[in-house]
Amino acid sequence: MIIKTADDLMKIKDEPGKTYNLINDIDMIGSPWIPFEFTGTLNGNGYSIKNITVSSSTGNTGFFTVLKGSVNNVVFENLRVSNTSDDTENIATVGGVCGELAGTINGVVIESGDIYGNVAYVGGVAGSNDDTLRNVYA
Numbered sequence: 019m020i021i022k023t024a025d026d027l028m029k030i031k032d033e034p035g036k037t038y039n040l041i042n043d044i045d046m047i048g049s050p051w052i053p054f055e056f057t058g059t060l061n062g063n064g065y066s067i068k069n070i071t072v073s074s075s076t077g078n079t080g081f082f083t084v085l086k087g088s089v090n091n092v093v094f095e096n097l098r099v100s101n102t103s104d105d106t107e108n109i110a111t112v113g114g115v116c117g118e119l120a121g122t123i124n125g126v127v128i129e130s131g132d133i134y135g136n137v138a139y140v141g142g143v144a145g146s147n148d149d150t151l152r153n154v155y156a
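For reference, each letter of the sequence shown is one residue, going 19 to 156 in the working numbering.
Don't take every hint at face value.
Heads up, simulated DSSO-like pairs for lysine-lysine below, C-alpha to C-alpha not over 30 Å straight-line [to be verified]:
| hint | residue 1 | residue 2 |
| --- | --- | --- |
| 1 | 31 | 86 |
| 2 | 68 | 31 |
| 3 | 22 | 86 |
Don't read these hints as lab results, they were simulated from the structure. This structure is a prediction, so every number in the text was calculated from the model and none was measured.
Let's have the full structure, built from the sequences with the hints guiding it.
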């Protein structure tokens, strides 16, 4: 499925197991992003997703809460992710692309932004990693 607008990107949560391809840079300013578990494939084709803000006080936090699929060749610009919980015992995770990685992240760049969490695990790309990270930069 083709993603060319912020509205298109917002709709992937309705079918999180499909394959999606960016064909434009996507500016999410003014579009509230609510993270979810993603089991499909997001191919960025070198395009950027810009101005994402994700804030939570519970659970896994990132562009996706849990990634069981793959994210490939995407640039994130001005990505702001935070989890303000003070619960360091229940294994909450915070990362730019995903809180928990159980899939693949390949060729992803986090060009600018902030990743913050007062939780058990925090990472620039993934808060915890149980699978594959390749050619990622944060």
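Verification of the hints:
1. 31 / 86: Judged against 30 Å, a Cα distance of about 14 Å means the pair holds.
2. 68 / 31: holds (18 Å)
3. 22 / 86: holds (23 Å)
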